[in-house]
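**Student:** We have chain H; now place chain X onto it with these hints.
So the chains spell out like this:
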Amino acid sequence: MFAWLFVSPAERRLLGGPRFGGPTPWVIAIMSFSIMLIAASGLALASTAALVSRSIESRYALEVPGGANNLDTLVRTVRSAPGVTAVEAVPESEMRRTLERWLGPAAQGAELPVPALIDFDAAPGTNLSALQQRAQSIAPGARISAHGASVGPLLHSLRLLQWVAFGLVVLLSIAASAAVVLAARGALDTHRFTIDVMHGIGATDLQVTHLFQRKILIDALVGSLAGAVAAAIVLLLLASGAALAGELTGGATLGLVDLLVLAALPFALTLLATWVARTAVLRALRKAL
Amino acid sequence: MARRAHGAPLDQAPGDEVVAVAEFDSVGLRYGTGAEVLRDLDFRLRSGSFYFLTGPSGAGKTSLLKLLYLAQRPTRGRIKLFGEELSDAPREALPPFRRRIGVVFQDFRLVRHLSAFDNVALPLRVAGASDEEVEGPVREMLAWVGLADRASARPPTLSGGEQQRVAIARAVINRPELLVADEPTGNVDADMANRLMGLFTAMNRLGTTVVVATHDVGLITATPGAQLIRLENGTLVDPTGTLRNPPHPPRGDG
Numbered sequence: 001m002f003a004w005l006f007v008s009p010a011e012r013r014l015l016g017g018p019r020f021g022g023p024t025p026w027v028i029a030i031m032s033f034s035i036m037l038i039a040a041s042g043l044a045l046a047s048t049a050a051l052v053s054r055s056i057e058s059r060y061a062l063e064v065p066g067g068a069n070n071l072d073t074l075v076r077t078v079r080s081a082p083g084v085t086a087v088e089a090v091p092e093s094e095m096r097r098t099l100e101r102w103l104g105p106a107a108q109g110a111e112l113p114v115p116a117l118i119d120f121d122a123a124p125g126t127n128l129s130a131l132q133q134r135a136q137s138i139a140p141g142a143r144i145s146a147h148g149a150s151v152g153p154l155l156h157s158l159r160l161l162q163w164v165a166f167g168l169v170v171l172l173s174i175a176a177s178a179a180v181v182l183a184a185r186g187a188l189d190t191h192r193f194t195i196d197v198m199h200g201i202g203a204t205d206l207q208v209t210h211l212f213q214r215k216i217l218i219d220a221l222v223g224s225l226a227g228a229v230a231a232a233i234v235l236l237l238l239a240s241g242a243a244l245a246g247e248l249t250g251g252a253t254l255g256l257v258d259l260l261v262l263a264a265l266p267f268a269l270t271l272l273a274t275w276v277a278r279t280a281v282l283r284a285l286r287k288a289l
Numbered sequence: 001m002a003r004r005a006h007g008a009p010l011d012q013a014p015g016d017e018v019v020a021v022a023e024f025d026s027v028g029l030r031y032g033t034g035a036e037v038l039r040d041l042d043f044r045l046r047s048g049s050f051y052f053l054t055g056p057s058g059a060g061k062t063s064l065l066k067l068l069y070l071a072q073r074p075t076r077g078r079i080k081l082f083g084e085e086l087s088d089a090p091r092e093a094l095p096p097f098r099r100r101i102g103v104v105f106q107d108f109r110l111v112r113h114l115s116a117f118d119n120v121a122l123p124l125r126v127a128g129a130s131d132e133e134v135e136g137p138v139r140e141m142l143a144w145v146g147l148a149d150r151a152s153a154r155p156p157t158l159s160g161g162e163q164q165r166v167a168i169a170r171a172v173i174n175r176p177e178l179l180v181a182d183e184p185t186g187n188v189d190a191d192m193a194n195r196l197m198g199l200f201t202a203m204n205r206l207g208t209t210v211v212v213a214t215h216d217v218g219l220i221t222a223t224p225g226a227q228l229i230r231l232e233n234g235t236l237v238d239p240t241g242t243l244r245n246p247p248h249p250p251r252g253d254g
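Protein chains in written order, with this note's numbering: chain H, 1 to 289; chain X, 1 to 254.
This is chain H alone, in the form it adopts within the complex:
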């Protein structure tokens, strides 16, 4: 099945020319570089979206808009509710620090009403409306909101960007395939005479195709690996920059599976290029007798 990969030097000489020649390895390298970076971005976005989604899927907030004098009672009420697993009251000082970013020193004024906020985790199936009714009996106006609802638009955007990235990967792969088809047709035109001679002495289409298939496989492998190495360097630099940036980008990490997918990409691109070249050459050869 893979005998065509291992040909004698004499068979390699049939197409002549240098082992790595022409624009094909360069085109493939640029495509591979771009695909790797975009795929890494897409995977990082997917990873971030999953991380955010996981961290907020069971997270809720009990908010009392005008503040609550009986915060401890509310915390006990929430903690005693069936299905609630963790409860944490957000201190008023922290709320004021948060508001200070928008309001400035006025946020520290006693006349500014600061809402009371209790974050809690609840298992699926928890009766949140009953909990909200109990909370309202203690602090009228209290309401429960899911973190997921407030972060939903952000998650939606992250997932959309992730699919845009994967779409770009597909588009770039199609562009790489088109470049390979052009390269294969160019190679066929260049070697038309040799092909005619080979056909004339009884070479089959597959024998001729294997010569081109092998050459394009080598070109594609060299190009895609070179592009992947360059992309890996850029990703490492970005990763070290992200580590320095700390919490802003800390969530956008690539897992082991993501790294394996990225490592497989240059080989997938090589296989795609080889298959496309084989198909293009076979189709072109069928036009001759």
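No lab work stands behind these hints, which were simulated from the structure alone. Hints are not guaranteed to be accurate.
Unchecked claim - Calculated cross-link-like contacts (lysine to aspartate or glutamate; reagent style EDC-like; alpha-carbon spacing at most 16 Å):
1) X/K66 <-> X/E36
2) X/K80 <-> X/D40
3) X/K80 <-> X/D25
4) H/K287 <-> H/D189
5) X/K66 <-> H/D196
6) H/K287 <-> X/E92
Unchecked claim - Non-contacting residues of chain X with respect to chain H, defined by C-beta distances greater than 12 Å in every case (computed):
7) T33
8) R39
9) M203
Think of the CB as a built atom: it goes at the ideal place given N, C-alpha and C, for glycine as much as any other residue.
**Tutor:** Below, chain X alone, put in the same frame as chain H:
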């Protein structure tokens, strides 16, 4: 002159059973929408015979040879090669038949970037021979055509005659059952022409059917037992006109 029976071999005597290498039945050929360049060709080539194909320029000799070595399909009629009907055969079926045919092209058709050795070895490699299997026969063949010391030379560095001999060596390296040559002596001097014809005659003695297109009457008369196919305006002229064997054995043969 009696008219030859439809599809009978060119050199068939009445009642003679023959094994035909090629059979043409009402064959016509046209390129594109032009006029037919070959018309109503009816003949058979006897296995192991030697044929000269003659006729004026433009008579259709090269087109007829193309039909013989499967580079062209007839636009009408039927062609059988080695007993198989190939006129409408799928193209995937043709390579095994092409491997049984050796072709010497008028323009040699050597691959320029390959050495003389690799050019001669090409049919063996296409047939699946390994480098080890190729080495001996190719060296022997190059020696046979007098080019043992030019094995590593590439075609552009060879003279016309040397290229012609490489082309002939390539055509006969795998002992074809049918050898087709288009003006094989057009680029060599008379001495070399005689030597090359000697090679063809030797191949013929080994059982290969040989068809040589040529204008060179000297070659024809110097080849004992050879038969004549004459084309004019795309049709077989005097199809019973078998070559009269030369009265004397050729000199300097081989």
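**Student:** Determine for every hint whether it applies to the structure shown.
**Tutor:** The hints, checked one at a time:
1. Restraint check: the Cα-Cα separation between X/K66 and X/E36 comes to about 15 Å, which is no more than 16 Å; the hinted pair holds.
2. About 15 Å separates the Cα atoms of X/K80 and X/D40, which keeps this hinted pair within 16 Å; it holds.
3. For the suggested pair X/K80 and X/D25, the alpha carbons sit about 8 Å apart, so the restraint of at most 16 Å is met.
4. Between H/K287 and H/D189, the direct Cα distance comes to roughly 13 Å. Compliance with the 16 Å bound is thereby established for this hinted pair.
5. Among the hinted pairs, X/K66 with H/D196 is consistent with the structure: their alpha-carbon atoms are about 13 Å apart, no more than 16 Å.
6. Distance restraint check for H/K287 and X/E92: the Cα-Cα separation of roughly 12 Å lies within the 16 Å cut-off, and the hinted pair is therefore satisfied.
7. The claim that X/T33 is not at the interface with chain H holds, since no C-beta of that chain comes within 12 Å of its own (minimum 18 Å).
8. Look at X/R39: its CB is around 21 Å from the nearest CB on chain H, clear of 12 Å, so calling it non-interface holds up.
9. With 12 Å as the threshold on Cβ separation, the claim that X/M203 sits away from chain H holds: the shortest Cβ distance comes to roughly 16 Å.
When each numbered hint is compared with the structure, no violation occurs for any of them.
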